[in-house]
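K.L.:
In my numbering, the protein residues as written are 1 to 99.
Worth flagging that the hints you see were computed from the coordinates, not collected in a lab. Nothing false has been slipped in among the hints.
Across the chosen pairs, the derived CB separations fall in these ranges: (1) Thr42 <-> Asp65: 15 to 25 Å; (2) Thr66 <-> Ser26: 10 to 20 Å; (3) Pro49 <-> His19: 27 to 37 Å; (4) Pro39 <-> Asp65: 13 to 23 Å; (5) Pro49 <-> Gly24: 27 to 37 Å; (6) Gln50 <-> Gly24: 31 to 41 Å; (7) Asp65 <-> Tyr29: 14 to 24 Å; (8) Ala41 <-> Arg67: 13 to 23 Å; (9) Pro62 <-> Ser87: 14 to 24 Å.
C-beta: ideal position from N, C-alpha, C; glycine also.
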Amino acid sequence: MPLLVFASCFVPFNSARAHDAPSGWSYPYSCCSDQDCRPVATKAISERPQGYVINVTGEVVPYTDTRVRSSPDGEFHWCSVAGKEKSRTLCLFVPPRSF
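All chains, full assembly: derive it from the sequences and hints.
P.N.:
In structure tokens form, the structure reads like this:
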């Protein structure tokens, strides 16, 4: 029993882990489970009237979508299921808009 209590102390810490962006800030766990997020080139994302378009998939993420987050380093970062190029968006970190 004492071993079980001791081991359970580490569960919340481990379940809350995510990974860091190359510039040092941490992707939130709600967006990333240590493999889903990465920086992407500005040309990988298009701004259209209906929202941000993930060019590789054609997925539209509306500007008001809760998956859109402010990017702490001013660069685009895309979090997709299992970090795959052809999967749906979990979160999109965006730089300040130009207009």
